[in-house]
Amino acid sequence: MEAANVPARTKLLQAHGLILLRRMLLIREFDARAGELLASGEIMGEIHQYIGQEAVAVGVLAGAGAEALVGSTHRGHGHLLARGCAPRPMMAELYGKASGYCKGKGGSMHITSLEHGMLGANAILGASAAIAVGAAFAEKTTQSSRVAVAFFGDGAANQGVLHESMNLAAVWKLPVLFVCENNQYAISLRADHGLSVRDVSSRAAAYGFDGRSVDGMDVLTVYEATCEALRRMRTSSLPFLLEAKTYRYHGHFSAEAAILKHPYRPEDEESVWQRRDPIARLRGELLAHGFVPQEELDALHGDVRAEVEDAVVFARQSPPPSADEAFTDVYATEVAGLPDGVR
Amino acid sequence: MEAANVPARTKLLQAHGLILLRRMLLIREFDARAGELLASGEIMGEIHQYIGQEAVAVGVLAGAGAEALVGSTHRGHGHLLARGCAPRPMMAELYGKASGYCKGKGGSMHITSLEHGMLGANAILGASAAIAVGAAFAEKTTQSSRVAVAFFGDGAANQGVLHESMNLAAVWKLPVLFVCENNQYAISLRADHGLSVRDVSSRAAAYGFDGRSVDGMDVLTVYEATCEALRRMRTSSLPFLLEAKTYRYHGHFSAEAAILKHPYRPEDEESVWQRRDPIARLRGELLAHGFVPQEELDALHGDVRAEVEDAVVFARQSPPPSADEAFTDVYATEVAGLPDGVR
Amino acid sequence: MPRIRFAQALHDALAEEMRRDASVIVLGEDVRCGLMGITTGLVDEFGPERVLDTPISEAGFTALAIGAAIRGLRPVVEYQISALPYVAMDQLVNQAAKLRYMTGGQIRIPMVVRVTMSGAAGGLGAQHSDHNYPMLAHMGLKTIMPSSPADAKGLLKSAVRDDDPVIVYEDAKCLSVRGEVPEGDYATPLGRAEVVRNGGAVTIVAIGHMVHEALRASELLDREGIAAEIVDARCVLPLDTHTVLASVARTGRLVVADDSNSFCGFAAEVAARVAGEGFGLLRAPIIRCARPTVPVPFSPPLESAILPSAAGVVRAARQPMEAHMPAGKGADGCT
Amino acid sequence: MPRIRFAQALHDALAEEMRRDASVIVLGEDVRCGLMGITTGLVDEFGPERVLDTPISEAGFTALAIGAAIRGLRPVVEYQISALPYVAMDQLVNQAAKLRYMTGGQIRIPMVVRVTMSGAAGGLGAQHSDHNYPMLAHMGLKTIMPSSPADAKGLLKSAVRDDDPVIVYEDAKCLSVRGEVPEGDYATPLGRAEVVRNGGAVTIVAIGHMVHEALRASELLDREGIAAEIVDARCVLPLDTHTVLASVARTGRLVVADDSNSFCGFAAEVAARVAGEGFGLLRAPIIRCARPTVPVPFSPPLESAILPSAAGVVRAARQPMEAHMPAGKGADGCT
Ligand SMILES: Cc1ncc(C[n+]2csc(CCOP(=O)(O)OP(=O)(O)O)c2C)c(N)n1
Ligand SMILES: Cc1ncc(C[n+]2csc(CCOP(=O)(O)OP(=O)(O)O)c2C)c(N)n1
Ligand SMILES: [Mg+2]
Ligand SMILES: [Mg+2]
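Protein chains in written order, with our numbering: chain A, 1 to 343; chain B, 1 to 343; chain C, 1 to 335; chain D, 1 to 335.
Quick caveat, the hints were computed from the structure, so don't treat them as lab data.
This list has only true hints and no planted wrong ones.
Residues from chain D shown here face chain A by an in silico Cβ test under 8 angstroms; the list is partial: (1) 33; (2) 53; (3) 55; (4) 56; (5) 57; (6) 59; (7) 83; (8) 123; (9) 125; (10) 126; (11) 127; (12) 298; (13) 300; (14) 301; (15) 305.
Even glycine gets a Cβ: it sits at the ideal position worked out from N, Cα and C.
Full structure from sequences and hints, please.
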């Protein structure tokens with residue numbers, strides 16, 4: 001953010017700072033708590049914490065607007081919360097309860113709330129971005145003005161389907177904002193060991209549209225860049241590729257530390273990024289400008305914690321699905337012999 | 001070719017013109033004859049004629065040298081002949097005879113001669129280019145200096161696996177010359193309806209290496225560009241992407257005209273490209289420079305025709321494989337129960 | 001009833017469904033010109049917005065269709081050759097087949113994938129001659145393969161109207177078959193097999209062009225005094241076990257004639273069901289007449305050595321008739 | 001004999017083969033650190049040129065391995081999760097499985113693909129819990145799935161030494177199993193099943209972790225007076241029909257316990273073979289205890305409702321024992 005922009009930034013800060021902060025905090029607290037619950041064995045499976053990357057989901061989805069259709073990833077909690085999905089059915093989903101967004105059938109990697117415009121979190125890298133292109137296609141066909149946001153990671157950037165999807169979105173002029181969350185690693189693989197270019201955004205040129213890399217540790221920068229990208233998309237009728245440079249503070253998945261013998265990241269790397277923590281930064285700016293008093297920030301933090309705890313209680317108290325639920329929702333149109341007939 | 005280069009071109013013409021011409025003629029005559037044989041029902045299936053594109057295979061493979069390992073496509077006859085594979089076992093393969101390069105098991109789309117460094121023609125778009133990257137990897141690992149040439153079309157350029165392969169070849173610094181034969185169409189799809197960029201070669205930048213588009217209707221240009229690309233690869237230790245703009249004179253596959261009701265190409269398009277015919281051009285230059293007298297050129301043409309006819313006779317007279325051959329060559333290491341056991 | 005070609009029946013089904021429902025779109029490689037005549041002309045009536053030629057990006061455009069279906073369109077995707085499910089396999093079996101379930105029923109994916117030119121059209125070699133429907137059905141996708149023009153039209157219409165992904169295999173060897181097709185609008189329900197010939201000695205369950213091979217075989221078998229009953233399965237999944245078992249109850253003998261690879265193929269599934277649920281009805285071994293699990297060779301004599309045919313069905317059908325006959329092997333893999 | 005974990009046995013096999021043969025290389029995602037401990041440490045001994053972390057490009061690096069194998073290396077590719085065959089399906093079933101044949105035997109592809117964490121490790125949901133070996137075996141790829149550490153080591157070594165592509169499924173539920181492993185160099189031949197428990201009443205053919213479920217089930221069955229004989233198939237393809245038939249000859253009854261989807265799955269193939277070649281040996285219906293063909297739900301109670309287990313095997317094994325018992329359905333899909 002250059003000096004000349006400071007007034008614009010200050011305006012943004014005043015107008016949206018608190019709500020952006022609240023969303024980032026909610027993501028952080030939710031995923032911290034989910035990590036504890038998994039570690040204690042209270043919930044099952046694996047979760048991919050979004051902690052450290054909050055500015056990306058929150059900045060992009062605030063900038064893209066409530067109408068945007070979103071393709072999420074295996075690391076999807078942040079996208080859902082940034083979009084305003086409720087912690088209760090999210091947490092219940094992690095518990096595999098019937099009150100979860102997906103009735104407990106999805107789990108952490110698949111939490112979806114279609115009514116929020118979330119097309120689905122997806123455990124296959126690149127898959128949801130490709131599907132989001134289809135949503136944009138449908139919107140364009142039906143003359144809606146909704147855009148699609150297609151999230152993917154620095155690792156997923158090397159999946160073939162993304163190449164196909166970017167080309168398709170370009171030749172058919174679809175309103176897709178591709179967002180690469182470059183958190184520097186694909187599990188243990190350093191981004192620059194997997195990527196043949198420094199900036200994923202530079203690949204946009206291979207499809208004839210524009211791209212840009214921004215500081216993903218600053219929510220206002222991400223927000224602004226998203227707004228600007230959407231403007232560009234409207235004038236060009238082309239997709240856009242936004243890359244946010246960011247960092248995940250935790251292991252790739254929460255059980256990682258227990259599994260790996262040697263850390264794959266240099267010891268001091270996290271602390272370098274932590275110094276640019278998006279939440280601390282935004283909080284600091286809000287305080288410095290006197291837009292929000294310390295007490296209100298503290299209260300906000302307390303609120304968010306309570307909201308997460310409430311979600312935990314809700315999830316704990318929700319009943320598990322009944323065993324027959326394993327055999328429902330397989331097909332939308334019933335046909336004799338399914339799903340029962342295939343057993 | 002700019003004026004300043006004329007002397008270089010003339011040298012090239014004198015040194016290699018005749019042999020390049022011979023190869024191009026052989027491709028044209030072979031594929032013309034194969035088309036007739038298919039139309040008359042003497043051979044089965046489908047062939048994809050290389051006619052019109054001869055300068056690409058001949059120029060690239062002459063430039064790449066006899067040691068290069070080649071991944072070919074569904075339109076592979078040209079690559080094989082340019083490489084010096086023999087018309088007899090090629091034609092026999094089209095007849096499905098035991099004397100074919102693949103004992104008749106492969107057919108037109110799969111003719112392969114490993115001893116010529118041909119890794120295989122392939123009926124799946126993009127597949128052989130990806131496999132060629134592996135050959136380059138093996139060469140690099142074993143400290144050989146052989147490079148791989150990976151052919152693909154303008155249509156195949158939008159296959160995901162090519163993206164993955166180019167990225168892999170770049171991050172692992174593999175000696176791969178990617179060659180896009182842009183013949184303007186993928187079956188009925190105009191290249192610019194499928195591609196989001198005008199020049200496929202511009203995509204090289206998305207992987208951090210160099211690319212260049214050249215006139216694929218001029219064999220000397222292609223030859224020179226290939227030599228230059230290889231020099232660049234040696235100094236950069238990176239792959240290179242060469243795009244040759246060319247044109248196929250015939251239908252996508254030989255039976256096309258009988259199947260399609262409406263032509264998908266503008267009526268006069270072929271004649272525009274024919275005016276740049278690579279064979280006519282090279283022949284004209286050889287004559288104009290007086291490097292080869294007309295009689296020798298005529299004799300050459302006669303020779304080539306005779307060679308093709310000899311291949312037809314050879315193929316006709318070759319015995320068909322015996323029925324048990326259907327069950328051999330499935331596995332290299334015999335294991336009890338295979339392939340017999342799986343029937 | 002008018003007699004039309006199978007490919008024409010598919011065309012008519014698409015055209016009628018597109019007329020009926022504006023959300024139906026067609027996309028795939030070369031669908032505007034339509035190499036097999038199936039989609040030919042649709043673009044003239046429905047315009048380039050509803051009939052889309054795609055780049056050669058099967059994974060990408062299949063995913064696109066999934067996303068479009070989630071958002072309310074009814075895309076009909078064409079795969080021009082039967083190898084294309086391989087390059088889009090994740091989108092088919094791990095996305096389209098599962099997203100509804102994973103989301104607890106929030107999502108519907110009313111999409112059709114037409115795999116045309118499936119199987120060995122003849123002389124196309126190893127990579128263009130597979131019939132891979134068992135792989136998709138294995139993963140729970142509704143998967144059908146009609147054998148007659150009437151079923152091609154009626155089943156494709158049902159597929160378009162179905163709210164789930166449905167994979168339609170168009171057997172290359174059926175595309176030019178002619179047959180009567182009912183006039184007016186009709187849809188043939190998924191999941192129902194049909195007895196296409198009655199006979200008391202042996203049940204032959206067949207699918208796709210193997211129905212025609214079985215019919216040819218049955219005439220030869222008649223001469224040997226073996227009256228074959230032929231069941232056209234029509235759908236791979238759901239599989240109409242009921243009709244199969246009812247026939248086996250009459251005949252006591254079962255042959256399955258299927259042109260997919262034998263190993264874990266369609267014939268294996270039919271056999272396993274009957275060996276489980278219909279064991280008490282069986283009087284003789286179940287015989288599979290399917291492809292040996294080897295790639296398809298190009299050379300015509302080799303190709304015919306491995307593909308199941310009427311002659312193979314005849315050999316297969318003799319076996320359960322001959323008690324204690326040692327299992328002899330036909331070169332075409334019908335043991 | 002030392003007792004080691006299954007994952008360790010796999011590690012040892014790789015390390016020993018890499019020591020023995022310099023052309024063996026290992027590549028895949030995160031193989032240098034080795035998330036499951038299988039490839040951990042190999043890079044220290046063999047260096048980064050032979051142990052390669054790949055970008056997330058499964059189709060690309062599988063094709064790369066094919067090309068490298070054609071040129072004489074022996075790549076061992078790791079797929080970190082069992083969903084990855086889908087994104088590289090063309091490379092597996094249409095390239096690796098066919099190139100040798102298509103070229104008339106000019107090419108050898110001595111490559112191993114290790115699909116690790118296969119099946120439902122627990123709580124990973126629909127897209128990370130498949131066991132898709134039937135799809136690859138259907139297309140003729142040599143496909144194996146050991147259940148014990150000894151076999152894991154011995155079969156993986158055979159796979160590495162084999163001159164064809166071999167797909168090794170490493171069942172997530174077996175990775176922490178401990179067992180004795182012979183000292184010194186040994187390789188277990190592909191294509192041979194093993195009788196791991198003798199019993200005269202019913203044959204249970206199992207594979208992967210279902211062998212352990214079957215063993216547990218057999219103890220419960222013993223109490224009911226049902227002596228189960230258990231055959232560990234070990235290899236999906238080639239399938240050792242001989243050992244299966246020999247066991248059925250003793251027992252007259254067959255249950256197949258398999259954790260792949262039931263439809264056109266491994267159990268279907270075993271059942272179909274026995275219903276064909278071993279019909280005369282059978283005294284009762286063949287019962288499949290396999291996965292119902294639905295996606296795997298995340299919720300633990302739902303997950304256990306669909307996955308086959310010892311209890312399911314017990315229920316399955318009772319059925320052929322009770323003549324004329326109407327087929328009742330267990331919730332876990334074991335009919
Ligand atoms: C196609 C595919 N390949 C591999 C995996 C296994 N996997 C899960 S997450 C992951 C790393 C992803 O890295 P990135 O895209 O950068 O996202 P991040 O986890 O860093 O958010 C891998 C390899 C997968 N889920 N899908
Ligand atoms: C992955 C894949 N998709 C589709 C096809 C069917 N097909 C065969 S050739 C072809 C067009 C190829 O165009 P291009 O790559 O430009 O090569 P050209 O035929 O022009 O030489 C298509 C679509 C295929 N063989 N493989
Ligand atoms: Mg990352
Ligand atoms: Mg082309």
